[in-house]
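There are 4 protein chains.
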Amino acid sequence: MTNFSKFYQQIATNRLSSWLITLPAQLDFWQKNNLHGEYKHWQKTLDALPSAQQTNVDLLHSVSVGNQGDLNEGESKRLENLLKKFKPWRKGPYHIHGLHIDTEWRSDFKWDRLAEHISDLSNKYVLDIGCGSGYHLWRMRGAGAKFVVGIDPTQLFLMQFNAVQHFIQDEKVNLLPLGVEQLPELKAFDTVFAMGVLYHRRSPIDFLYQLKSQLVKGGELVLETLIVDGDENTVLVPGERYAKMRNVWFLPSAKAMCAWMERCGFKNIRVVNTDITAVDEQRKTEWIDTESLSDFLDPKDNSKTIEGYPAPQRAIFIANS
Amino acid sequence: MTNFSKFYQQIATNRLSSWLITLPAQLDFWQKNNLHGEYKHWQKTLDALPSAQQTNVDLLHSVSVGNQGDLNEGESKRLENLLKKFKPWRKGPYHIHGLHIDTEWRSDFKWDRLAEHISDLSNKYVLDIGCGSGYHLWRMRGAGAKFVVGIDPTQLFLMQFNAVQHFIQDEKVNLLPLGVEQLPELKAFDTVFAMGVLYHRRSPIDFLYQLKSQLVKGGELVLETLIVDGDENTVLVPGERYAKMRNVWFLPSAKAMCAWMERCGFKNIRVVNTDITAVDEQRKTEWIDTESLSDFLDPKDNSKTIEGYPAPQRAIFIANS
Amino acid sequence: MTNFSKFYQQIATNRLSSWLITLPAQLDFWQKNNLHGEYKHWQKTLDALPSAQQTNVDLLHSVSVGNQGDLNEGESKRLENLLKKFKPWRKGPYHIHGLHIDTEWRSDFKWDRLAEHISDLSNKYVLDIGCGSGYHLWRMRGAGAKFVVGIDPTQLFLMQFNAVQHFIQDEKVNLLPLGVEQLPELKAFDTVFAMGVLYHRRSPIDFLYQLKSQLVKGGELVLETLIVDGDENTVLVPGERYAKMRNVWFLPSAKAMCAWMERCGFKNIRVVNTDITAVDEQRKTEWIDTESLSDFLDPKDNSKTIEGYPAPQRAIFIANS
Amino acid sequence: MTNFSKFYQQIATNRLSSWLITLPAQLDFWQKNNLHGEYKHWQKTLDALPSAQQTNVDLLHSVSVGNQGDLNEGESKRLENLLKKFKPWRKGPYHIHGLHIDTEWRSDFKWDRLAEHISDLSNKYVLDIGCGSGYHLWRMRGAGAKFVVGIDPTQLFLMQFNAVQHFIQDEKVNLLPLGVEQLPELKAFDTVFAMGVLYHRRSPIDFLYQLKSQLVKGGELVLETLIVDGDENTVLVPGERYAKMRNVWFLPSAKAMCAWMERCGFKNIRVVNTDITAVDEQRKTEWIDTESLSDFLDPKDNSKTIEGYPAPQRAIFIANS
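First to last, the protein sequences are chains A, B, C and D.
Count the first sequence with the working numbering and you get residues 1 to 321, in order.
Count the second sequence with the working numbering and you get residues 1 to 321, in order.
Count the third sequence with the working numbering and you get residues 1 to 321, in order.
Count the fourth sequence with the working numbering and you get residues 1 to 321, in order.
Keep in mind the hints are simulated off the structure, nothing from the lab.
There is no bait here: all hints are sound.
Remember, identical chains collapse to one label, so a pair may be satisfied in a single copy or spanning two.
No more than 20 Å apart at the CA atoms, straight line, and that leaves these computed lysine to aspartate or glutamate pairs for DMTMM-like:
| id | residue 1 | residue 2 |
| --- | --- | --- |
| 1 | K255 | E232 |
| 2 | K32 | E185 |
| 3 | K146 | D58 |
| 4 | K267 | E240 |
| 5 | K255 | E240 |
Predicted model, so just to flag it, every value in this text is computed and none were measured.
Using the sequences and the accompanying hints, generate a full structural model.
Laid out in structure tokens, this is it:
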């Protein structure tokens with residue numbers, strides 16, 4: 001069973017101590033009532049992972065640990081087989097003792113787009129909302145963060161994270177299986193990341209307030225979301241599906257997004273990057289068994305989704321609380 | 001103290017019986033914890049209202065009870081003085097034993113615009129969300145509704161309603177001091193009205209789902225809200241104030257509003273009326289002490305609000321669940 | 001499904017209206033989460049009961065409705081077969097259209113012992129805590145009570161009650177599937193009965209306070225419980241079993257019981273009856289398939305239970321709040 | 001403000017980790033809603049305590065820290081004045097850098113009576129329910145306990161404890177402002193002490209179950225309570241006051257107490273000491289401003305309380321879960 005005792009021990013005396021008022025009860029409820037049907041199997045897979053010396057950790061330019069040759073051939077094969085039980089691996093890539101987990105997304109591309117624009121993370125408390133398997137958590141730590149917390153309610157992602165954590169072993173990097181609505185108003189993080197989440201929220205305004213309530217006064221929000229072209233009054237609310245995704249709600253223009261952020265009290269709001277997702281950044285690999293971007297676009301016109309909406313365009317917004 | 005026992009008695013054996021699971025506890029909490037500071041004074045004002053025979057009730061063409069002359073001059077003056085303690089009277093007008101409560105809004109105009117478009121209310125269960133003082137509740141009853149419930153969290157409006165109820169005395173017309181988020185999924189009303197509320201909601205999508213969850217399958221939603229000109233991707237989110245109102249969030253175009261409703265599962269969606277609010281419909285009277293529409297518009301260009309946004313334009317949408 | 005709507009309707013405007021704050025939510029939870037595994041079968045048995053005219057109801061000298069001959073022979077047999085599905089019938093007897101339900105207990109004997117001592121029940125609100133199948137509820141109503149409520153958490157007893165209610169049809173007599181700890185402080189009943197319950201409570205003192213909190217000021221408590229001989233400091237706490245019953249805790253002397261009641265604030269406390277339960281009052285009949293009193297006593301010495309404790313001796317206490 | 005972060009940090013990874021599910025929320029509620037009116041003043045008194053080297057700590061034969069002369073005369077006087085703001089000091093005595101806190105009770109006498117009978121506390125997790133100012137907590141630690149927790153809802157006692165802790169500084173000794181009913185079923189302590197509490201409980205049986213649910217299987221309960229002479233069916237429930245104390249409920253004989261413990265599933269139950277409290281163990285000192293034992297007894301017959309009950313007689317019971 002995933003055990004959060006070490007996390008509680010750390011936050012008891014750091015800036016997040018008030019989180020103990022709600023978090024242990026939430027996670028206890030989760031463990032008793034909401035575990036995924038496959039959870040026990042997954043846990044066994046985790047327990048079967050081979051041990052290896054925690055050497056050559058690089059979190060600055062990649063997320064990698066160890067080298068080819070740390071494991072013998074049999075162990076290497078077993079490692080690959082075990083980790084493939086956690087498919088689909090969406091966010092990455094990871095390099096683990098010579099094994100390249102070639103994930104659907106090149107999340108390092110996104111990191112490269114934003115890294116130069118964000119405040120220095122050295123010695124910072126950092127929160128990543130909707131962190132997936134936690135790829136960016138490691139990069140935040142690599143950039144000097146003192147304490148990194150990711151939240152994501154998808155339990156498979158927690159398994160992927162735990163698998164990586166098994167090899168890297170850094171207790172300052174943590175993933176909790178929570179949704180943003182379960183967070184109290186911590187007002188404790190220096191930087192909050194929320195990438196690829198806003199368009200999944202029914203209420204983007206409430207989401208912005210939730211993000212703000214996690215930040216220390218003057219803290220930095222790094223928000224990335226799908227946008228459309230248009231003026232400050234342009235917002236696309238697609239039908240049932242957008243790029244085959246259900247559960248997509250508000251796609252504002254960059255200007256509209258800035259106006260919303262301002263309305264919610266953010267300051268110093270700027271768009272630091274816009275980017276049309278390319279098929280070299282999101283594509284089918286052997287680590288996913290599902291479709292990927294090329295299947296989501298109109299085969300005759302890659303500027304449109306298969307439903308006829310503008311193809312995915314993403315912007316990164318930075319602002320202060 | 002406002003007593004809801006008669007309401008509970010009625011719903012115990014009608015279609016709304018499951019409401020007893022949550023409602024009495026909510027209203028008890030409200031009475032014990034959230035009464036307005038003036039509540040006791042208001043209650044005394046209500047208790048001091050003169051008695052009069054409940055004659056000549058007209059709810060079909062107006063909201064009126066009794067005639068000039070039912071009360072003597074002293075009683076008439078006292079009635080006026082007492083009711084003016086409940087200023088501002090926003091929605092109306094009411095005619096009570098010769099007293100004309102000339103409210104800020106001519107809510108009868110709005111009723112006239114929608115009456116021909118809605119389904120026959122005869123024998124229907126009807127809910128009005130954000131009903132204000134309840135003017136339209138009476139008109140719904142006048143149109144034949146079997147059981148009418150309005151909700152509005154503003155306690156002054158409950159006082160205004162109770163004052164009118166004091167004279168009309170119709171237990172099939174009820175106002176509860178609740179917000180929409182306090183309603184369970186009753187799925188019990190034939191028609192739900194939500195007029196002048198959506199633009200005050202941070203999350204219009206959640207609001208649409210809440211409305212839908214009050215309707216019987218196939219029931220009718222009558223929704224009125226502020227709109228802007230534009231195509232289906234046009235949505236105005238104003239700054240801090242819109243026409244001097246705080247707390248205004250999403251002003252979609254009519255087409256965008258229809259798309260949202262469709263996304264939330266409504267069917268047979270149509271715009272039955274659009275209207276630019278005129279100063280003969282919303283204006284200062286002796287029953288309010290505050291500003292009114294003419295103060296909210298740009299004095300040099302009545303097509304704009306004082307903040308420079310498009311002047312208030314309202315549309316009525318009808319759809320089925 | 002047992003439906004409490006009529007009960008809610010009645011209490012909405014009577015002295016028990018504050019009960020609506022908690023009761024519907026409790027019973028809704030019960031129906032959704034705690035129904036007995038046989039509940040649906042039992043409900044079908046209830047639905048299959050024959051109809052008969054509600055004639056010759058006697059609640060004053062017995063609990064009986066109708067006469068031999070109201071049902072034809074086939075119906076009579078069916079009635080008996082259906083009602084025997086609700087075995088064991090502990091408290092009674094009942095006479096239903098010629099069918100004699102010869103229950104394990106002659107609860108009429110107990111009623112006769114207390115009837116002359118209690119205050120007149122005419123027009124009273126009466127509560128019976130731990131009412132079993134409700135035999136005494138009917139007798140209380142027969143004695144003139146205006147509104148009678150029994151509570152007992154055992155769902156089979158609710159079925160037995162509903163079966164009898166099916167024939168008598170008196171909405172002023174009600175049984176709710178609740179334990180005493182689920183009651184709010186109603187302070188609304190004129191008389192509260194608690195017979196055969198105190199010795200099953202781990203905390204007799206808390207139980208006495210719970211009883212008191214149901215009574216109007218000055219109301220009457222009628223409490224019957226097992227006692228032992230002894231002075232005011234004599235209290236038997238038996239081992240695992242007493243007369244083969246598990247879950248027996250405190251058996252005080254009559255004097256100790258009076259001292260406890262006084263300590264809890266009761267006034268005018270008196271013992272109106274003590275009685276050693278005889279085998280003609282509690283015995284095996286064809287309406288139970290289990291053992292009865294004669295099996296619980298030492299076969300060689302009926303003054304002792306089979307465990308060697310003093311045989312069951314019961315006393316009736318009456319006091320005012 | 002008392003801060004429990006260090007306690008949370010310790011239990012996060014020890015045997016008590018499941019306590020984090022409920023404890024931080026309880027203590028947060030307590031701090032926000034239930035602080036004593038004098039709490040802030042008390043806190044200032046604590047903050048004003050002089051610093052002194054933590055030397056010569058003796059917890060084995062007494063509770064003492066430091067020596068006469070560690071503080072200069074002014075500091076000594078100030079220390080005494082500050083600590084006297086926390087009067088009445090009931091349980092002790094304490095010796096703090098030359099200051100002798102001569103408490104009402106010689107709690108060391110009680111410790112001496114029980115010390116030889118209890119299991120070795122070395123490396124044990126120990127809980128003391130109703131620990132007062134925590135005198136025995138220190139002695140338990142002195143006897144080798146690994147982790148000591150006391151609970152007592154009286155906030156003044158927490159201040160007294162914090163004052164002593166200020167000088168001794170041992171984070172393995174902790175006092176939490178809780179009542180026994182707030183404890184979850186921890187099943188984690190090797191030894192649980194409950195001295196002078198049972199007679200204050202309305203429900204001694206529920207109390208025994210609560211104690212049991214704190215113990216590891218086979219753990220040891222040390223229970224001390226007021227008793228009366230008599231056989232296993234003898235229990236005194238006094239009137240409003242016993243020895244001028246309100247809130248005294250059940251005083252069983254030693255045999256009755258043993259029977260209750262057995263009924264609740266304790267094993268290996270024995271009485272290791274009975275003692276009539278003498279006026280040299282509980283008496284008025286300059287550290288209390290209230291009455292003491294001699295005022296509670298019949299001046300003409302010290303074998304009786306002033307109300308005429310048997311004078312306080314205490315027994316120590318030891319048993320295993």
